[in-house]
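A.B. asks: Chains as they are written, first to last, in numbering that gives the first Met the number 0: chain C, 0 to 355; chain W, 0 to 355.
Hints are not guaranteed to be accurate.
You can't tell identical chains apart in this list, so a pair holds if it fits in one copy or across any two.
Calculated pairs, DSS-like style, for lysine-lysine (alpha carbon to alpha carbon, straight line, at most 27 Å) [stated by the list, open to error]:
{"hint": "1", "residue 1": "Lys-350", "residue 2": "Lys-187"}
{"hint": "2", "residue 1": "Lys-13", "residue 2": "Lys-350"}
{"hint": "3", "residue 1": "Lys-309", "residue 2": "Lys-13"}
{"hint": "4", "residue 1": "Lys-348", "residue 2": "Lys-309"}
{"hint": "5", "residue 1": "Lys-207", "residue 2": "Lys-263"}
{"hint": "6", "residue 1": "Lys-263", "residue 2": "Lys-340"}
{"hint": "7", "residue 1": "Lys-348", "residue 2": "Lys-283"}
{"hint": "8", "residue 1": "Lys-350", "residue 2": "Lys-122"}
{"hint": "9", "residue 1": "Lys-350", "residue 2": "Lys-340"}
Note that these hints are calculated values from the structure, not bench results.
There are 2 protein chains.
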Amino acid sequence: MSFFAVIMAGGVGKRFWPRSRRATPKQLLNIAGDESMLRMTVDRLKQITASEQILIVTNSDQEEGIRREIPEIPEANIIIEPEGKNTAPAIGLAAVIVQSRDPDGVMGVFPADHHIGDLTAFKTYIEQGISVARDMMGLVTFGVIPTRPATGYGYIQYHERAKDDEPVFAVKAFAEKPDYQTARMFLKSGDFLWNSGMFVWHVDTIMKSFQDHLPELWDSLENIKGAIGKPVWNSVLTVEWATLRSISIDYGIMEKAQNVYVVKVDFNWNDVGSWDAVHEMHDKDENGNVSQGDVIYHGANNNLVSAQGKIVALVGVNDLVVIDTDDALLIIHRGETERIKEVVDGLEKEKRDSLL
Amino acid sequence: MSFFAVIMAGGVGKRFWPRSRRATPKQLLNIAGDESMLRMTVDRLKQITASEQILIVTNSDQEEGIRREIPEIPEANIIIEPEGKNTAPAIGLAAVIVQSRDPDGVMGVFPADHHIGDLTAFKTYIEQGISVARDMMGLVTFGVIPTRPATGYGYIQYHERAKDDEPVFAVKAFAEKPDYQTARMFLKSGDFLWNSGMFVWHVDTIMKSFQDHLPELWDSLENIKGAIGKPVWNSVLTVEWATLRSISIDYGIMEKAQNVYVVKVDFNWNDVGSWDAVHEMHDKDENGNVSQGDVIYHGANNNLVSAQGKIVALVGVNDLVVIDTDDALLIIHRGETERIKEVVDGLEKEKRDSLL
């Protein structure tokens, strides 16, 4: 039994425009610290497994940037999806590749673009998950103890303890992103955890789950598996992929399966879903400002400023997000950063590709 | 009798940072139109006199930029003040140089950095002023009919008409920048005009005024005049200049002299004193935004954006002034642009000379 870490790095992160672009998506940006989110994700996982057993699922736009950022990972471990089809197909593709390398392998799935504050705790929790995957043939999720009534995360409801002396519980239900009242109830009840989007399971367990709950996808994955290492690989992958429907692993499998467990984790976790989250997770000056770069404030509070190679002066303005790059400058209010999509959609419509 | 136009171009315009810098001050910026304010000032004056009779008073920091911007003016017509001493010494220096070229000359004084909308009317009014200067040996000011209770301008109170068929009046008093209540009263009374900072007089008249009202300055100016065209010019100018006190022409002469007239002018005039004035004087889109460069707005109103070589996106923000340059970005609220001085003063204190 060996452990393979699969990093999901297919997203673009439109909400981080103008820093995020097709070729330099969110996970290649250093928005959560001094290094890129992908680099920090890989470094976290290298505590648990060897570089040779870390796989990255991505798309052709990002391939070059990822290879440059993570040179220590073997070329064959960068898996290129022909097209984004949500998480279930991407995880299935990784699963058959892991299975071809070690039919007794355990695999973990990790978003490339989340922030986790405590490396030691992370290692401990993942290893607890690996035991559950191996000993109990479970589909293991990781649920973060919530600290506020967040409406931006999905939740996992847990019930009885599944393992003595370890924070492992049976899962009762999954909940989509709640409204604020529901989120408050979730927080108060104590039975709900934030769904971190990380999973651990034995390859046999997940493949059996595909067979049971997504049989058409399973058929395709079996065909793809048969082509691994053969000249037909690319054509089989492309043909099969075109037939797949987009579906998330949560909706397609986790919400339906019976053998689902959750490791209840207690660390500083953030999905870094927006510039608002970046403001939230960083240390602030005495006026609540977060600065990346050379910024001066005169009577300006609670702003987030990111700029390079220039001085930025904010005078008498509050609650702004200011993101400056060589070819684009964005100014938006904190709390309204969802509207960045309007800008990006507009640029797409006008075919201003150099800015996308 | 010939007419000399003297352009006062010594100011830096800190309030236009980060576009204005020591070497590229306000008057060298194209903030009021497609060309620099100095270029527009010179072109206005070339309607009235020859390039050879246009003089520019400035300082050594700006000399090179001005020569490049206005190459048609003879080198000897760029007059370098050893040090800024306010308007009375600068005008006196220009007066003795004009006198040395034509003892019967009439000179006009024009700020380099004001906006005047109507070129034809400008020419007419200045020519009316020249007649008054020549025929009545008056100190001629130009007073703009106010259109609102502006608190940022000085005012001229006029009384009886001094010339038939022309809008020339005797001046009763000068008023400093008023408070809002006073400005409303000025507007209502109809007796007050905005002091445009432009003047016309015969060189004999202004030199006699210096002798009467600022005799120490007059002594120095006579010494300086004696050195014109001689090898001692630079040393005499430097030595005399060091002894001068800073004083404005308004305070030192105009408020004390008896033979002061005002030409009542009716044109679109703006001293372009701040980014707020730039917003005010430009055409706006349907949401009140003024853009210099490639700017997109989503639910953003009444902003002024100036940027080059990049796209700027403003989302859901109102009443901002956003000025982007290669090495500095300023974001400030409209109506608070006086506070730009705080930024510049801070940079001076930190000796960040490249940004000044």
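A.B. asks: Confirm or reject each hint.
C.D. replies: Right, here's what the structure says about each hint:
In this homomeric assembly, Lys-350 and Lys-187 never come within 27 Å of each other (Cα to Cα): the closest approach is 47 Å inside a single copy and 54 Å across copies. Taking the shortest alpha-carbon separations for Lys-13 and Lys-350, only the intra-copy value of 15 Å comes in at or below 27 Å, while the best inter-copy value is 39 Å. Proximity of Lys-309 to Lys-13 under the C-alpha cut-off of 27 Å is found in both arrangements, the shortest distances being 24 Å within a copy and 18 Å between copies. With identical chains, the CA atoms of Lys-348 and Lys-309 are at most 27 Å apart between copies only, with a shortest distance of 18 Å across copies and 31 Å within one.
Proximity of Lys-207 and Lys-263 under a CA criterion of 27 Å is satisfied intra-copy only: 25 Å inside one chain copy versus 92 Å between copies. In this homomeric assembly, Lys-263 and Lys-340 never come within 27 Å of each other (Cα to Cα): the closest approach is 33 Å inside a single copy and 54 Å across copies. Taking the shortest Cα distances, Lys-348 and Lys-283 sit within 27 Å of each other only across copies (25 Å), while inside one copy they are farther apart (37 Å). In this assembly of identical chains, the alpha carbons of Lys-350 and Lys-122 never lie at most 27 Å apart, being 44 Å within a copy and 49 Å across copies at closest.
For the homomeric pair Lys-350 and Lys-340, the shortest alpha-carbon distance inside one copy (15 Å) is at most 27 Å, but the shortest distance between copies (41 Å) is not.
Checked against the numbered hints above, the structure violates hints 1, 6, 8; every other hint is satisfied.
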